[in-house]
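Q: Please model the entire structure based on the sequences and the hints provided.
Protein chains in written order, with my numbering: chain A, 1 to 113; chain B, 114 to 233.
One or more of the hints may lead you astray.
Subject to a maximum C-alpha distance of 25 Å in a straight line, what follows is the list of computed SDA-like cross-link-like pairs (lysine to any residue) [to be verified]:
hint	chain 1	residue 1	chain 2	residue 2
1	B	Lys228	B	Ala201
2	B	Lys225	A	Arg109
3	B	Lys151	A	Ser5
4	A	Lys11	B	Val127
5	B	Lys225	B	Gln115
Facing chain A, from chain B, some residues (calculated, C-beta under 8 Å) [to be verified]:
hint	residue
6	Leu158
7	Trp179
8	Lys225
According to the in silico footprint, chain B covers these stretches of chain A (three or more CB under 8 Å from chain B) [as the list claims (entries may be wrong)]:
hint	segment
9	33-43
10	101-110
Hints were generated in silico from the structure; no laboratory data involved.
Don't be surprised by glycine CBs; every beta carbon is placed ideally from N, CA and C.
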Amino acid sequence: DTGVSQDPRHKITKRGQNVTFRCDPISEHNRLYWYRQTLGQGPEFLTYFQNEAQLEKSRLLSDRFSAERPKGSFSTLEIQRTEQGDSAMYLCASSLIVAGDAFFGQGTRLTVV
Amino acid sequence: AQKVTQAQTEISVVEKEDVTLDCVYETRDTTYYLFWYKQPPSGELVFLIRRNSFDEQNEISGRYSWNFQKSTSSFNFTITASQVVDSAVYFCALSERVGGSGAGSYQLTFGKGTKLSVIP
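A: Following this line, the structure appears as structure tokens:
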């Protein structure tokens, strides 16, 4: 597989529950990004890793959100105590070249009921 | 702050017509990158093109062409002889170096997208 892989593709959860998403970037890509996309909008930057270090976090990333990339390969995004406003598509991207050509996965669509 | 504006929310064309998707951007940096992505109904963002701020040459790839004009801060995308498979949401995005950690990150700022419907 040569693309960015995200799991699960869809997640429905009750408000207040915790959820975790996984992203497997293109191998050898040292940069990994998380974006969030709500209906009718473009993706918005959440956070970024270079290898295992989380170097940037958007103000959109509240304390309920945490992301990790423990070995510089796959990454997880956890949302604690989910709220209805968290319903969105969560997109992962990876890149090798400094300036991008970021390649995106198919996303995880989260619905909080 | 960087900003990307795609004024056209939705466009409908009949198959084989040409269509141009507009993109206007704002940035204070002299070094930046512009992108176009396609998002079909499946949801995945498909990379189409990246241009850097120092290369204003227009580019053609098959039925796709891009017109980059720094004087008007625009990076427009034209599809020639549109096909039904071109139906998707198209996003223009801007990337510039932000942050001081190491090399900095190149997070993308996206426009709101233009939904293109090609009618058979």
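Q: Look at each hint and say if it fits the structure.
A: Outcome of the hint check:
Taken as a hint, the Lys228(B) and Ala201(B) pair is honoured in the structure, with Cα atoms around 6 Å apart against an allowance of 25 Å. For the given pair, Lys225(B) sits about 18 Å from Arg109(A) by alpha-carbon distance, which is consistent with the 25 Å threshold. Between Lys151(B) and Ser5(A) the CA atoms are separated by roughly 18 Å; this keeps the pair inside 25 Å, and the hint holds. The suggested pairing of Lys11(A) with Val127(B) is violated, with an alpha-carbon distance near 36 Å, which exceeds 25 Å.
For a cut-off of 25 Å, the pair hint linking Lys225(B) to Gln115(B) stands: about 14 Å separates their Cα positions. At about 4 Å, the closest approach between the beta carbon of Leu158(B) and any beta carbon in chain A falls short of 8 Å, and the interface hint on this residue holds. Using the Cβ-Cβ criterion of 8 Å, the hint placing Trp179(B) at the interface with chain A is not satisfied: the shortest such distance is roughly 15 Å. With its C-beta approaching chain A no nearer than about 5 Å, Lys225(B) sits inside the 8 Å limit, and its interface hint holds.
Check result for the segment 33-43 of chain A against chain B: holds, 6 residues qualifying (beta carbon to beta carbon below 8 Å, three or more required). Under a criterion of three residues with beta carbons nearer than 8 Å to beta carbons of chain B, the stated coverage of the segment 101-110 of chain A is upheld, 8 such residues being counted.
The earlier numbered hints that this structure contradicts are 4 and 7.
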